[in-house]
Amino acid sequence: MAAVTDVTSRDLAALAPVRLHRVWWALLGVSVVLNVASMAVPALIHHPLTRDRGEIQLYLDVFVEGNLPTWWSVGLLVVAAVLYGVTAALARGTARAESWGWWCGAALLAALSLDDHTQLHERLDRIGRQLVTFDGFPFYWLLPGLVAGLFVAAALLLLASRLRGRPRWFVVAGCALLLGSALGMELVQGLLIAGGESGPVYVLTYHAEELGENVGVLLLMAAAGLSLSIGRRDGGFSLAYRQSR
Numbered sequence: 001m002a003a004v005t006d007v008t009s010r011d012l013a014a015l016a017p018v019r020l021h022r023v024w025w026a027l028l029g030v031s032v033v034l035n036v037a038s039m040a041v042p043a044l045i046h047h048p049l050t051r052d053r054g055e056i057q058l059y060l061d062v063f064v065e066g067n068l069p070t071w072w073s074v075g076l077l078v079v080a081a082v083l084y085g086v087t088a089a090l091a092r093g094t095a096r097a098e099s100w101g102w103w104c105g106a107a108l109l110a111a112l113s114l115d116d117h118t119q120l121h122e123r124l125d126r127i128g129r130q131l132v133t134f135d136g137f138p139f140y141w142l143l144p145g146l147v148a149g150l151f152v153a154a155a156l157l158l159l160a161s162r163l164r165g166r167p168r169w170f171v172v173a174g175c176a177l178l179l180g181s182a183l184g185m186e187l188v189q190g191l192l193i194a195g196g197e198s199g200p201v202y203v204l205t206y207h208a209e210e211l212g213e214n215v216g217v218l219l220l221m222a223a224a225g226l227s228l229s230i231g232r233r234d235g236g237f238s239l240a241y242r243q244s245r
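At position 84 of the sequence shown the residue is numbered 84 (the numbering used here), and the sequence of numbers has no breaks.
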C-alpha cells in the first residue's frame with residue numbers, strides 16, 4: 001500500500017520528483033469547460049430544459065447558487081484549504097514563521113468555502129441597504145463585503161510577506177484575482193443592472209467573475225504546490241516542505 005512519509009528536503013533530492021502541474025492544468029480545464037457550458041448550452045440548444053430557467057440551464061448556470069458550478073467552486077476552496085493546512089503542518093519544523101502564514105491561509109480558504117456554500121455574503125444585503133440612501137443597485141452586500149475583503153487581503157498578504165520567490169507572487173496574484181473578481185466584477189454587474197443592461201455584456205461579466213475566482217483559487221493552490229517537495233519512495237510517496245528563498 002502506498003504510504004506518505006514526512007522526510008527532509010535533502011532526502012527528497014535523491015528521489016524521483018512528482019510534478020503536479022498536470023493536475024493544475026486539469027483543474028483549470030474543468031473550470032473553463034464549466035464556464036463555457038454555462039453560456040453555450042442555453043445559447044446553442046433550443047429546448048425548454050436549457051432555456052427560460054429550465055432545469056438543465058439552472059443546473060449549469062454559474063449565476064445560480066446550489067448547482068454544479070457552485071459545487072466545483074466550493075470543492076476548489078476546500079481542496080485549497082486542506083492543501084494549505086498540510087503545507088502549514090510540514091513547515092512547522094523548518095519554517096515556523098511561514099507555517100503560521102499557511103495556517104492563516106488555510107483558515108481563510110475554509111471560511112470562503114463556507115461562505116460560497118451557504119451564500120453568506122448574499123445575506124449581507126440588509127446591512128448594506130442601511131448604509132446608503134440610494135436605490136437601484138442590486139448588490140448592496142458589497143458594502144460590508146469590502147470589509148470582509150480587507151480581512152481576506154490581510155491574511156493572504158501576511159502569508160505572502162513570509163514567503164519568497166514564486167510562491168510569494170502566486171499568493172499575491174491569486175489574492176488580487178480572487179478579490180478583483182469577487183468584488184470588482186460584482187460592482188460592474190451592479191452598475192450594469194442599474195443602467196438597465198441585462199444582455200450579453202452582463203452575461204459575459206458574471207461568467208468572467210466566476211472564472212476569475214476559480215483561477216484565483218488555483219493560483220493560491222499553486223503557491224502551496226511550489227512549496228512542497230513530493231517524491232516517490234519504496235512504492236509510496238515522500239512529502240516535505242520546501243522553504244522559499
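The hints are simulated quantities; they were obtained by calculation from the structure and are not laboratory data. Any given hint could turn out to be false.
[Claimed, not checked] Estimated spans, in silico, between C-beta atoms of each pair: (1) A176 x Q243: 20 to 26 Å; (2) L146 x W71: 23 to 29 Å; (3) L114 x L58: 31 to 37 Å; (4) A89 x W25: 22 to 28 Å; (5) A153 x V36: 53 to 59 Å; (6) Q243 x G199: 49 to 55 Å; (7) W100 x N67: 33 to 39 Å; (8) E197 x R92: 47 to 53 Å; (9) V64 x G180: 43 to 49 Å; (10) V36 x A194: 37 to 43 Å; (11) T94 x A40: 44 to 50 Å.
The beta carbon of each residue, even a glycine, is placed where N, CA and C say it ideally should be.
Task: Satisfaction of the hinted span 49 to 55 Å by the C-beta atoms belonging to Q243 and G199 - done: holds (51 Å)
Open item on the list: Assuming the hint says 37 to 43 Å, is it satisfied by the Cβ distance from V36 to A194 or not?
Closed with: violated (28 Å)
Task: Outcome for the supplied range 47 to 53 Å, where the beta carbon pair is E197 and R92 - done: Because 51 Å falls inside the window, the suggested range holds.
Task: Outcome for the supplied range 53 to 59 Å, where the beta carbon pair is A153 and V36 - done: violated (30 Å)
TODO: Determine whether the Cβ-Cβ distance between L114 and L58 falls within the hinted range of 31 to 37 Å.
DONE: violated (23 Å)
TODO: Please test the hint of 44 to 50 Å on the beta carbon pair from T94 and A40.
DONE: Cβ of T94 to Cβ of A40: about 48 Å, so the range 44 to 50 Å holds.
Task: Verdict for L146, W71 (Cβ pair) under range 23 to 29 Å - done: Because 27 Å falls inside the window, the suggested range holds.
- [ ] Can you let me know if the beta-carbon spacing of W100 and N67 is within 33 to 39 Å?
- [x] Holds, since W100 and N67 (Cβ atoms, about 36 Å apart) stay within the stated range.
Open item on the list: Quick check: does the Cβ-Cβ distance between V64 and G180 fall within 43 to 49 Å?
Closed with: Given range 43 to 49 Å: violated, Cβ gap about 22 Å.
Open item on the list: Within 22 to 28 Å: is that where the Cβ-Cβ distance between A89 and W25 falls?
Closed with: This hint holds: roughly 26 Å between Cβ atoms.
Task: Whether the CB-CB distance between A176 and Q243 falls inside 20 to 26 Å - done: holds (24 Å)
In summary, the structure is inconsistent with hints 3, 5, 9 and 10 from the numbered list given earlier, while agreeing with the others.
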